[in-house]
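Just so we're aligned, residue 309 is where the sequence shown starts under this note's numbering, counting upward by one.
Calculated from the structure, these hints are not laboratory results. Keep in mind the model is a prediction, meaning the values are calculated, not measured. The beta-carbon is built from N, C-alpha and C at its ideal position, and this holds for glycine as well. Just to be clear, a hint being listed does not mean it is correct.
To be verified - Derived DEER-like restraints, expressed as beta-carbon distance ranges: (1) Pro442 to Tyr552: 33 to 41 Å; (2) His343 to Asp745: 28 to 36 Å; (3) Arg623 to Ser727: 21 to 29 Å; (4) Leu602 to Lys810: 46 to 54 Å.
As the list claims (entries may be wrong) - DSS-like cross-link-like pairs, simulated, lysine-lysine; straight-line CA separation at most 25 Å: (5) Lys634 to Lys586; (6) Lys390 to Lys753; (7) Lys591 to Lys634; (8) Lys414 to Lys390; (9) Lys634 to Lys398; (10) Lys398 to Lys696; (11) Lys810 to Lys785; (12) Lys362 to Lys696; (13) Lys810 to Lys753; (14) Lys785 to Lys696; (15) Lys371 to Lys810; (16) Lys591 to Lys406; (17) Lys362 to Lys733.
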Amino acid sequence: MLLFSLLAVSALAQPTNAPATLAELQQRLGEHVNHPRFAAGSFGVKVVSLDTGKTLFEHDAAKLFSPASNCKLYTMALALDKLGGDYRIKTSLYAAAKPDKRGNLKSDLIVYGRGDPGFNLKQGNGDILRVLQPLVAALTNAGVRRISGDLIGDDSFIVGSPFGSGWVWDDMNYYYGAEISALTINDNTLQVSVKPGASPGKPCQLSITPATSLVVLSNRTQTITAGGRREINFYRPLGQNVIYVTGQMPLGQTNFTDDVTMSNPAGLFVELFREALKRNGIKVSGATRTVNWLDRQGQPLDTSSLVELGAVESRQMREINIAVQKPSQNLYTDLMLAHVGSLERERAIQNRDASSQTNRSETVVGLPTSEDFGIRELDKFLAKAGVKRGDVRFEEGSGLSRNNLATPNATIALLQFMSRHVEAKNYYEALPIAGVDGTLRNRLKNTRAENNVHAKTGTLRWANSTSGYVTTAAGEKLAFALMLNRYAAPAPEFSARAELDKIIVPLADFTGRSDQ
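All chains should be built: construct the whole structure from the sequences, respecting the hints.
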């Protein structure tokens, strides 16, 4: 991949204004970041050579900034380092005993999730029940033909709020603020489709995918005459599964669709799993219900007393990393942080049980959440990576929190460490490629940065970041961290993204070297 990028770069004509010396590059970047239009904001920059270790340029690199989705660089580096690129997340099927000779399971069946994000429509080519087929196969391989008890969706592996710390309430209606659940299905969102009604004045036609009885659509829309302005809005009160659809749609318009979040995704998971079992001729006589971490405080799950009838494993962690970084997927990132944290939380429980001889239910109460344990592990990892203490202050993993903070110095230290890591190739190739894919697909086109820069973007209302790797025109490999906060663009051509790109392009064009 890197070789391909270099070949593509060499094919471009060298710009006439390309910086030829380090002094020229530093002057150009210095003039840019010190322009008066940034006076009310904060601009943090650091550029380091991976070949020589020399700093080419820095500006306020020791200051704390909101990195937005640059946080994913940190969280996924932790997951790769702690768990390894080959690691897979297991979803288990537990019961009190094996089925009898006729295939009758006389107990409840527990679907126990651990945060696998792969059960979604994309993996099933539009058929959500097809995604659940491996779980069905695991059950039929165990000889189960009928379930006499209840079907239970257990998402208690992840302990804590279904929302990341520091999230704001109005993000939680949108796909990027979907609930965090150990039993995740279809990215914990539903697609609502809106069509005009039969005539003006009639309500619009609404549908939901995947179809479910757990979510109710409250239709408060109206069809208007052709040529009018479409305006459709969705609102779901937190903790509820009623989606209020308001607005208007003119006759003759095609479908309007949007992804809306839901409450208690584990409920949707087991509802759809029940349908998948039915499709395969397996009847469930009992009810369908869910159990969360709060329920398990009163009734702890002792898997040692249960039979694991089967299990399904996720894609490898290095594949999940690609699914996180390219589109900047918040849910998957926070699931990985929670997964790491939950594993550490379980170890803490086991250690306390072993040392104090108290029972599990007594030790669970009062322990920090999965997210808390995940942040602790992140801090340990960053110390190993050479990040200065206090240079990273995260409270969740994806960057949706406005309270996460990091310095450009910290991001550079991380990028340097991961460039030498056993998972370096995956870490690099998972990042969006300028002008090619992911969140960089429409940026830096027709420049030497196109098909060269591999970097993670980050965007919140007043925070913009781009950090990653670039190879100069002279073939030197650089790591860069760019963070622009509280900047109000005076005109569209001076957007925050454009201002960051004005730093990246000279780095790609640079014909000198850091050691000259």
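Each hint, compared with the structure:
1. A hinted range of 33 to 41 Å holds for the C-beta pair Pro442 and Tyr552, which are about 36 Å apart.
2. Restraint check, His343 to Asp745: a C-beta distance of roughly 31 Å satisfies the suggested window 28 to 36 Å.
3. Checking the proposed 21 to 29 Å range against Arg623 and Ser727 shows it holds: the Cβ atoms sit about 24 Å from each other.
4. With their beta carbons about 50 Å apart, Leu602 and Lys810 fall inside the hinted range of 46 to 54 Å.
5. For the given pair, Lys634 sits about 36 Å from Lys586 by alpha-carbon distance, which is inconsistent with the 25 Å threshold.
6. Annotation: proposed proximity of Lys390 to Lys753 is violated, straight-line Cα distance about 36 Å (limit 25 Å).
7. Annotation: proposed proximity of Lys591 to Lys634 is violated, straight-line Cα distance about 40 Å (limit 25 Å).
8. Between Lys414 and Lys390 the alpha-carbon distance is near 39 Å, which puts this suggested pair outside the 25 Å criterion.
9. This hinted pair checks out: Lys634 and Lys398 have alpha carbons roughly 24 Å apart, not beyond 25 Å.
10. Proposed proximity of Lys398 and Lys696 is contradicted: the alpha carbons are some 35 Å apart, above 25 Å.
11. About 18 Å separates the Cα atoms of Lys810 and Lys785, which keeps this hinted pair within 25 Å; it holds.
12. The hinted pair formed by Lys362 and Lys696 meets the criterion: a straight-line CA distance of about 18 Å does not exceed 25 Å.
13. For a cut-off of 25 Å, the pair hint linking Lys810 to Lys753 stands: about 13 Å separates their Cα positions.
14. Using a Cα cut-off of 25 Å, the hinted pair Lys785 and Lys696 holds, with the two alpha carbons roughly 23 Å apart.
15. Of the supplied pair hints, the one linking Lys371 and Lys810 holds, its CA atoms being roughly 21 Å apart against a limit of 25 Å.
16. Between Lys591 and Lys406, the direct Cα distance comes to roughly 16 Å. Compliance with the 25 Å bound is thereby established for this hinted pair.
17. In summary, the hint linking Lys362 to Lys733 is supported, as the alpha carbons are separated by about 22 Å, within the 25 Å threshold.
In terms of the numbered hints stated before, the structure departs from hints 5, 6, 7, 8, 10, listed from lowest to highest.
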